[in-house]
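Colleague: Single-letter residue listing:
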Amino acid sequence: MEDMRLMERTLATNQVKVAAKGVDVFYGATHAIKDVSVDILDNMVTAFIGPSGCGKSTFLRCLNRMNDTVSVARVTGDIRLDGEDIYDPRVDPVQLRARVGMVFQKPNPFPKSIYDNVAYGPKIHGLARSKAELDEIVEKEAKDRLKEPGTGLSGGQQQRLCIARAIATSPEVLLMDEPCSALDPIATAQVEELIDELRANFSVVIVTHSMQQAARVSQRTAFFHLGNLVEYGETGQIFTNPRDPRTESYISGRIG
Amino acid sequence: MMLLTALMVLPLGVAASIYLEEFAPKNRWTDLIEVNISNLAAVPSIVYGILGLAIFINFAKFPQSSPLVGALVLTLMTLPTIIIATRAAIRAVPPSIRDAALGVGASKMQTVFHHVLPLAAPGILTGTILGLASALGETAPLLLIGMVAFVANYPAGPLEGGMLDPASALPVQVYSWASRSDPAFIERSAGAIIVLLAFLLVMNIIAILLRRRFERRW
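Line order of the protein sequences matches chains A and B. Under our numbering, the residues of the first sequence are numbered -15 to 240, in order. Under our numbering, the residues of the second sequence are numbered 5 to 222, in order.
Looking at chain B on its own, in the form it has when it is part of the complex (with noise of 0.2 Å):
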C-alpha cells in the first residue's frame, strides 16, 4: 500500500512542484493554488479519511478497506507536503545555473530537466521519504475507510488482485490490537509497535543516505 502510495506522490507531487515553480505564470489563479496547497497540509488526516469514504467509496464504488482506497487517501495526504518540500529543493537551486543553460542555448524544458532536477533530486528524496514516513504511522484516515475491520484471510497478493481486497495497515492494527483486554494482544500490539517502528527508521536512514549520495556543492 506504501508501495502504491509512493508510486502516485512522487510523480504526481514533482510534476506539480516543476510546474508551479518553473512554468506558471505568477497570477491570482496560481496564488490562490499556492495558498490552498499550504492550507492543505495542515489539514488533520481525518478530514482525508472522510473525503476518501465520501469519493472513493461511495461515488467510485472501490471496495471498502481495501489497499487501493488507502494507498489513494495517503496519497492525497502527503501531495501537499511533498509538494511543498519539491518546491523548496526545486528553488534552492541558484539561479545562475538556469542563467547558464539557457545562455548556451537549453530550451526551458531541457535547462529544468538537465540541470535543475538533478540538482534539485536529495532535497526531493527527503522530503518524498519523509512525507511517507509520516503516512506511515496514519491511523486515523484508514480507520473512516474501514480498514479496521478483523481481516480474516490473507489478502491475495498485490499482483493477483490484492489492492481490491479487504486489508489493514500496521498502525491501524496497533490500534486495535491495543483496546482489546485480551492479555494476549499486549504482546502483540507490542510487536507491531517495533516493526512500525523499525521501518520508520529504515526509511529516514534511507533518506539520509540518499541526501548524502546525491547532495553537491557549488
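Bound-form chain A, shown alone (with noise of 0.2 Å):
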C-alpha cells in the first residue's frame, strides 16, 4: 500500500497535484475570491504573492478545506487533488487535511513536548502500530530535545516544529500560510532550506507578502489582487517579464 502510493508519487513527479477550476469564495455577503483556476504541481514550490488582503490565504485555506471551519464561508467550484474531488460531500475534511498539511503563520506548537507535538497527527491517523513505530516516526523529524516542551523553543524553532509536525503524518501536499512573517531574518532562512529540502517528498504551496522570498524559494508564483488571480507561471518568468500591467507594478513597488 505505502510502496503504491510511493511509486505512484514518483511517476507523478512534476504532474499536476491540485486543480482548481473556477473557484469562488464569499464571506458572508463579501465576494473574497472570483474565479480563481490554477493548477499546482507536485514536487515543486507554489507562491501566493499578492497585497494583503487580496484573497491568497483564503485560496490557501480552500485546498485543505479549513474554511469549513469559519461558518460564514462559502466555497464554489471544483478543487480536485489527484483528480479525486475534494469537495465532494463523501470526502472526509479530516481524512483530506491529513494529505493535505498545513502550517500556519504563527508558531501554534501544542503546550505540549516536543515528541507528543510530532507524534500527535500519527497517532489520531494511527500511523503507527506500535511505540517503536512511533519513535521511529518522530525520530524522522526531530532529533533531540525531545522531552522539552514545544513553547520553551524559540520563535524559528517553534516554526520548524511545526513543519516537523505537519509533515510527520506523510501528506501529499504542505501549505504554508505565511510561515515565516512572524521570524527574523536567520530563522527565516532556515525555513527557506527547509522549505527546498520539502520538495523532494511533496508538493508545497507557501503564501507570502515577500516578493523576495517568492523569488528565493518557488518554482511558480501565482499574483492575486483583489480577489482576482491575475497572473501565474514560472516564478523567473513574473518576476523578470511579467505579462500582466497590474503584477509588473506589484513587484516594482506601486501597489501593494
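Simulated from the structure, these hints should not be mistaken for lab results. None of the values given here were measured: they were computed from a predicted structure. The C-beta atom is built at its ideal place from N, Cα and C for all residues, glycine as well. The reader is advised that the hints may include incorrect statements.
Under 10 Å between C-beta atoms, here's a sample of chain B residues computed to sit facing chain A [unchecked claim]:
{"no.": "1", "residue": "Ala96"}
{"no.": "2", "residue": "Ile101"}
{"no.": "3", "residue": "Asp103"}
{"no.": "4", "residue": "Ala105"}
{"no.": "5", "residue": "Gly107"}
{"no.": "6", "residue": "Gly109"}
{"no.": "7", "residue": "Lys112"}
{"no.": "8", "residue": "His119"}
{"no.": "9", "residue": "Leu121"}
{"no.": "10", "residue": "Pro122"}
{"no.": "11", "residue": "Ser180"}
{"no.": "12", "residue": "Ala182"}
{"no.": "13", "residue": "Ser183"}
{"no.": "14", "residue": "Ser185"}
Computed cross-link-like contacts, DSBU-like style, restricted to lysine-lysine with a CA-CA straight-line distance of at most 30 Å [as the list claims (entries may be wrong)]:
{"no.": "15", "chain 1": "A", "residue 1": "Lys115", "chain 2": "A", "residue 2": "Lys96"}
{"no.": "16", "chain 1": "A", "residue 1": "Lys131", "chain 2": "A", "residue 2": "Lys107"}
{"no.": "17", "chain 1": "A", "residue 1": "Lys5", "chain 2": "B", "residue 2": "Lys112"}
{"no.": "18", "chain 1": "A", "residue 1": "Lys115", "chain 2": "B", "residue 2": "Lys30"}
{"no.": "19", "chain 1": "A", "residue 1": "Lys107", "chain 2": "B", "residue 2": "Lys112"}
{"no.": "20", "chain 1": "A", "residue 1": "Lys131", "chain 2": "B", "residue 2": "Lys112"}
{"no.": "21", "chain 1": "B", "residue 1": "Lys30", "chain 2": "B", "residue 2": "Lys112"}
{"no.": "22", "chain 1": "A", "residue 1": "Lys115", "chain 2": "A", "residue 2": "Lys18"}
{"no.": "23", "chain 1": "A", "residue 1": "Lys90", "chain 2": "B", "residue 2": "Lys65"}
{"no.": "24", "chain 1": "A", "residue 1": "Lys107", "chain 2": "A", "residue 2": "Lys124"}
{"no.": "25", "chain 1": "A", "residue 1": "Lys124", "chain 2": "B", "residue 2": "Lys112"}
{"no.": "26", "chain 1": "B", "residue 1": "Lys112", "chain 2": "A", "residue 2": "Lys96"}
{"no.": "27", "chain 1": "A", "residue 1": "Lys96", "chain 2": "A", "residue 2": "Lys131"}
{"no.": "28", "chain 1": "B", "residue 1": "Lys30", "chain 2": "A", "residue 2": "Lys90"}
{"no.": "29", "chain 1": "A", "residue 1": "Lys124", "chain 2": "A", "residue 2": "Lys90"}
{"no.": "30", "chain 1": "A", "residue 1": "Lys107", "chain 2": "A", "residue 2": "Lys90"}
{"no.": "31", "chain 1": "A", "residue 1": "Lys96", "chain 2": "A", "residue 2": "Lys107"}
{"no.": "32", "chain 1": "A", "residue 1": "Lys90", "chain 2": "A", "residue 2": "Lys131"}
{"no.": "33", "chain 1": "A", "residue 1": "Lys131", "chain 2": "A", "residue 2": "Lys115"}
{"no.": "34", "chain 1": "A", "residue 1": "Lys96", "chain 2": "A", "residue 2": "Lys124"}
{"no.": "35", "chain 1": "B", "residue 1": "Lys30", "chain 2": "A", "residue 2": "Lys18"}
{"no.": "36", "chain 1": "A", "residue 1": "Lys5", "chain 2": "A", "residue 2": "Lys18"}
Starting from the two chains in their separate frames, assemble the complex, guided by the hints.
Modeller: Dropping the structure here:
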C-alpha cells in the first residue's frame, strides 16, 4: 500500500497535484475569491503573492477545506486532488487534511513536549502500530530535546517544529500560510532551506507577502489582486517579464 | 450533598458549555439560550428553592428535606454560573491551537477533547469550585424544600439510602440555631459558622492550587 503510493508519487512527478477550477469564495456578502483557476504541480514550490487582503490565504485554506470551520464562508467551484473532487460530500475533510498538511502564520505548537507535538498527527491517524514505530516516525523529524516543551523553543524553532508536525503525517501537499512572517531573517533562511528540501517529497504551496522570498524559494508563482488571480507562471518569468501590468506594478512596488 | 451536587453539575455544565461554544450553530435559538443562561445566573436563589419545591417534591414526589432534593436544587442554581465560567475558559484557548489540531487532520471532537479541554481545565475547575463554594453557603433554597426541620435521627450514610432521609445543611443549621433564644445555641451556631468557613477556605485553597498546578503558558 505504502509502496504503491510512493510509486504513484514518483510517477506523478511534476504532474498536476491539485487542480482548482473556477473557485469562488464568499465570506457572508463579501466576494473574497473570484473565479480562480490554478494547477499546482507536484514536487514544486508554488508561491502565492499579492497585497494584504487579496485572498491568497483564503484560497490556500480552500485547498484543505479549512474554510469549512468558518461558518460564514462558502466555497464554490471545483478543486481536485489527484483528480478527486475534495468538496465531494463523500470526502471527509479530516482525512483530506491528513493528506494536505498545513503550517500557519504564527508558530502554534501544542503546549506539550516536542515529542508529543510531532507524534500527535501519526497517533490520531493510526500511522504507527506500536510505540516503537511511533518513535521511529518522530525520530525522523525531530532529533533531540524531545522531552522539552514545544512552547519553550525560539520562534524559528517553533515554526520548524510546526513544519515537522505537519509532515509527520506524511501528507502529499503542504500548505504554508506566511510561515516566516513572524520570524527574523536567520530563522527565515533556515525555514526556506527546509522548504527547498521538502520539495523532493511534497508539493508545497506557500503564501508570502515577501516577493524576495517567493523569488528565492518557489518555482512557480501566482499573483493575486483583490480576489482575482492576475497571473500565474514560472517564478522567473513573473519576476522578470510579467505579462500583466498589475503584476508589474506590484513587483516593482507601485501597488500593495 | 455537596458531593452529589458537584457530580451532577460538573459533567452537565461542561458538556453544555462545550456544545454551546464549539458545536452549536450560531442562530436565534442559541442566542436565546445564551441570554437565558446569563439571566438564570442572576435569579435569586430563593426562586430555585420554590422551583425545587414545585418540581422535585410536589411533582416528582421525592421525599421532603432529603439531601437528594437539596443537591438537585443546588445543581440547578450553580449550573448557569459554571456554564458561564467554563465557556469563558474555553473561549480563552487561543484559536491557533484549534487551527493547529485541525491542520494535522484532527476531527472536531479530537480537537476539543485532546487540546481545548485540557487547556481550559484550570479555568473550568476554578469556576466550578467557586460556584460550589457559593452553593455551600446557600440557605434560602434549602429552607423552602424543608431542610429546616429538626432532625431527630442521624441520617443513614449516603450509600445506605441516606440521600432520601431527612437531613439538614450547615448554613440552614446555623440559621435555625442562631434564632434560638437558648444561650446554649449561641456557642453551637458559632461553632457551625467556623466549620462552614473553614470548609469554604479549604475549597478556595484547592481551587487556587489546582489552578497553579494546571496552568500553562503559551
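Colleague: If a hint holds in the structure, say so; if it doesn't, say that too.
Modeller: Here is how each hint holds up against the structure:
1. Ala96: Cβ of Ala96 (chain B) sits 13 Å from chain A, so the hint is violated.
2. Ile101: holds (6 Å)
3. Asp103: Because about 6 Å separates Asp103 (chain B) from the closest Cβ in chain A, which is inside the 10 Å limit, the hint holds.
4. Ala105: holds (7 Å)
5. Gly107: Where the cut-off is 10 Å and the nearest Cβ of chain A is about 4 Å from Gly107 (chain B), the hint holds.
6. Gly109: holds (4 Å)
7. Lys112: For Lys112 (chain B), the interface hint holds, since the closest Cβ of chain A sits about 8 Å away, which is under 10 Å.
8. His119: holds (6 Å)
9. Leu121: Because about 13 Å separates Leu121 (chain B) from the closest Cβ in chain A, which is outside the 10 Å limit, the hint is violated.
10. Pro122: holds (9 Å)
11. Ser180: violated (50 Å)
12. Ala182: violated (49 Å)
13. Ser183: violated (53 Å)
14. Ser185: Violated, because the Cβ-Cβ distance from Ser185 (chain B) to chain A comes to roughly 60 Å (cut-off 10 Å).
15. A:Lys115 / A:Lys96: With Cα atoms ~18 Å apart, Lys115 (chain A) and Lys96 (chain A) stay inside 30 Å; holds.
16. A:Lys131 / A:Lys107: holds (17 Å)
17. A:Lys5 / B:Lys112: holds (28 Å)
18. A:Lys115 / B:Lys30: violated (41 Å)
19. A:Lys107 / B:Lys112: OK: Lys107 (chain A) and Lys112 (chain B) at ~16 Å, within 30 Å.
20. A:Lys131 / B:Lys112: Cα-Cα ~27 Å, so holds.
21. B:Lys30 / B:Lys112: holds (17 Å)
22. A:Lys115 / A:Lys18: violated (47 Å)
23. A:Lys90 / B:Lys65: Violated: Lys90 (chain A) and Lys65 (chain B) sit about 58 Å apart, past 30 Å.
24. A:Lys107 / A:Lys124: holds (15 Å)
25. A:Lys124 / B:Lys112: holds (28 Å)
26. B:Lys112 / A:Lys96: Holds: Lys112 (chain B) and Lys96 (chain A) sit about 19 Å apart, inside 30 Å.
27. A:Lys96 / A:Lys131: holds (9 Å)
28. B:Lys30 / A:Lys90: It holds: about 27 Å lies between the C-alpha atoms, which stays within 30 Å.
29. A:Lys124 / A:Lys90: holds (24 Å)
30. A:Lys107 / A:Lys90: holds (24 Å)
31. A:Lys96 / A:Lys107: This hinted pair holds, its Cα atoms lying about 15 Å apart.
32. A:Lys90 / A:Lys131: Holds, at roughly 22 Å.
33. A:Lys131 / A:Lys115: Cα-Cα ~15 Å, so holds.
34. A:Lys96 / A:Lys124: Distance of about 19 Å is within 30 Å: holds.
35. B:Lys30 / A:Lys18: holds (27 Å)
36. A:Lys5 / A:Lys18: holds (11 Å)
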